[in-house]
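Student: Spelled out, the chains give:
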Amino acid sequence: MALTRGQAAVFDGIFFLLITSASIAMMFVFLVNYGAGQEKVLQTAHVVNYMTSAFKEVYFLDASLLSKAANDGRNYDATLPNGKLNPYGGLANPNTGCPSLGRFTGSVSVADLLKKDLADGLMDDKYGSIGNVLNTTPPGAIAPSEAPGKTALRCAVKEVMKPFEAAGYSYFVEVFDSRNVPTYPTTRAAGGLPGGTNAAVDQTDPSKSVVTNSPLAIGATPKIRQCEDVTSISAQNLVVASPFRVITAASAAGGQESQAFVIRLCIWPQTPAERH
Amino acid sequence: MNFETSPRRGFIGPLGDDIPSLFPIIFGILLFIGALAYASNALAVKSSALDVRKAAVELAYLVTERGELTLDEINPGATAGGAINPNSKCEPVIQPFAESHHVKVRVTLKRYCDYVSLTSDPYEKDTTVGSTSYEGAVCDTSVDSEHPSGAKPSNAVVLNYPVSVPCPGASDFRRGFGMVNVIVWR
Numbered sequence: 001m002a003l004t005r006g007q008a009a010v011f012d013g014i015f016f017l018l019i020t021s022a023s024i025a026m027m028f029v030f031l032v033n034y035g036a037g038q039e040k041v042l043q044t045a046h047v048v049n050y051m052t053s054a055f056k057e058v059y060f061l062d063a064s065l066l067s068k069a070a071n072d073g074r075n076y077d078a079t080l081p082n083g084k085l086n087p088y089g090g091l092a093n094p095n096t097g098c099p100s101l102g103r104f105t106g107s108v109s110v111a112d113l114l115k116k117d118l119a120d121g122l123m124d125d126k127y128g129s130i131g132n133v134l135n136t137t138p139p140g141a142i143a144p145s146e147a148p149g150k151t152a153l154r155c156a157v158k159e160v161m162k163p164f165e166a167a168g169y170s171y172f173v174e175v176f177d178s179r180n181v182p183t184y185p186t187t188r189a190a191g192g193l194p195g196g197t198n199a200a201v202d203q204t205d206p207s208k209s210v211v212t213n214s215p216l217a218i219g220a221t222p223k224i225r226q227c228e229d230v231t232s233i234s235a236q237n238l239v240v241a242s243p244f245r246v247i248t249a250a251s252a253a254g255g256q257e258s259q260a261f262v263i264r265l266c267i268w269p270q271t272p273a274e275r276h
Numbered sequence: 001m002n003f004e005t006s007p008r009r010g011f012i013g014p015l016g017d018d019i020p021s022l023f024p025i026i027f028g029i030l031l032f033i034g035a036l037a038y039a040s041n042a043l044a045v046k047s048s049a050l051d052v053r054k055a056a057v058e059l060a061y062l063v064t065e066r067g068e069l070t071l072d073e074i075n076p077g078a079t080a081g082g083a084i085n086p087n088s089k090c091e092p093v094i095q096p097f098a099e100s101h102h103v104k105v106r107v108t109l110k111r112y113c114d115y116v117s118l119t120s121d122p123y124e125k126d127t128t129v130g131s132t133s134y135e136g137a138v139c140d141t142s143v144d145s146e147h148p149s150g151a152k153p154s155n156a157v158v159l160n161y162p163v164s165v166p167c168p169g170a171s172d173f174r175r176g177f178g179m180v181n182v183i184v185w186r
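Heads up: the sequence lines are chains A and B, in that order. Its first residue numbered 1, the first sequence is counted upward by one per residue in my numbering. Its first residue numbered 1, the second sequence is counted upward by one per residue in my numbering.
Think of the hints as simulated: they come from the structure by calculation, not from any bench. Please note that a few of the clues may not be correct.
Computed cross-link-like contacts, DSSO-like style, restricted to lysine-lysine with a CA-CA straight-line distance of at most 27 Å [stated by the list, open to error]:
# : chain 1 : residue 1 : chain 2 : residue 2
1 : A       : Lys56     : A       : Lys40
2 : A       : Lys115    : B       : Lys54
3 : A       : Lys115    : B       : Lys46
4 : B       : Lys54     : A       : Lys56
Please put together the full structure from these sequences, using the hints given.
Tutor: See the structure below:
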């Protein structure tokens with residue numbers, strides 16, 4: 001009995017050491033996870049504030065000062081070196097791209113051009129082309145006038161979202177009429193492409209340009225046609241929406257008509273298919 | 001009656017037998033206290049870093065409340081020439097915020113005008129885009145005798161936000177690309 005007395009005490013000592021080690025391990029687990037939730041909230045707050053500031057800036061930007069937005073040395077060809085369509089294709093065109101905005105001298109803002117473009121319900125760089133996405137003028141009708149709101153928005157958002165794009169994010173801007181809630185498809189068409197209707201404002205004009213930096217949102221069969229489609233390629237999708245009211249004349253006799261649009265900007269981490 | 005005739009091996013004494021058990025106990029206590037001290041210090045550092053980050057985000061909300069900023073709104077109200085800049089946010093908004101949160105703040109307003117350049121230093125207010133230089137504005141609460149141009153810490157939180165700024169001249173009525181950098185450290 002005397003021989004085993006010392007053994008029991010050593011065993012107690014080692015057991016105490018074991019319990020202490022377990023406590024320390026739990027302490028370090030707590031330490032590693034401390035602040036993770038707060039950090040995530042702060043990161044989200046920063047991103048949302050950035051996107052909100054981007055919206056506010058775009059409304060104030062002078063359209064004529066966007067004429068040099070395509071001088072930053074980026075590739076503005078129609079296709080990228082890897083053969084994919086370039087989301088920024090055509091923006092360096094002197095007649096239809098960012099340089100063409102230099103002719104809007106005075107104080108014409110991006111918001112002014114966008115309102116004129118959207119007044120007919122389409123975002124196609126023209127005013128007066130209702131139901132005329134093929135850019136044709138029926139006999140006897142007045143040809144649509146130029147209102148490069150979409151081009152101005154593309155040139156502006158391209159620069160404003162540059163830091164996020166450099167950090168590996170894709171973005172997509174859509175405009176829809178708040179009175180016509182876009183229907184989201186519940187079924188997928190063959191090949192995984194989203195079915196259903198587009199956002200109410202059509203971006204598929206003859207130039208096929210879209211306010212985006214993602215190759216998945218352009219082309220004949222885009223995977224992304226509205227912000228909800230992003231959930232099919234990325235679990236992380238942040239969307240910020242802003243109201244955009246356009247007031248037009250109701251008729252030649254007078255009166256006003258108000259159209260309540262909503263502009264949505266969604267961003268998500270670039271997928272491997274989008275890197276260029 | 002049974003007496004032990006052979007000596008008991010390994011028996012030091014009632015207390016001596018417990019001496020070996022003291023080593024793991026003392027080691028365990030020291031380890032626990034050391035881990036507690038380290039964890040406490042790490043927690044304080046992490047907590048301070050979160051406070052600084054939170055202050056940066058809150059200050060950014062104050063600075064970016066509108067979509068446009070002019071140089072007067074960021075430059076200090078009291079200019080070197082003695083004139084007073086009534087539109088400044090530096091003394092009435094930014095400096096009291098820094099003092100109440102016990103942080104140092106540097107807010108720089110950069111004017112790009114033509115296109116945004118990602119290679120410019122957020123601590124510097126002036127930019128060069130292509131071959132054109134644009135003057136910016138700065139409000140710095142760390143300016144003192146030791147740092148006459150403001151400090152440049154390596155552990156600061158730097159947040160960038162897009163704003164529209166007067167272009168191409170510093171007081172033009174047209175608005176071009178700009179960026180406001182909110183730099184906060186402790």
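Student: All hints, please: hold or fail.
Tutor: The hints, checked one at a time:
Our distance criterion of 27 Å between C-alpha atoms is met by A:Lys56 and A:Lys40, whose separation comes to about 24 Å. The suggested pairing of A:Lys115 with B:Lys54 is violated, with an alpha-carbon distance near 37 Å, which exceeds 27 Å. Our distance criterion of 27 Å between C-alpha atoms is broken by A:Lys115 and B:Lys46, whose separation comes to about 48 Å. Restraint check: the Cα-Cα separation between B:Lys54 and A:Lys56 comes to about 23 Å, which is no more than 27 Å; the hinted pair holds.
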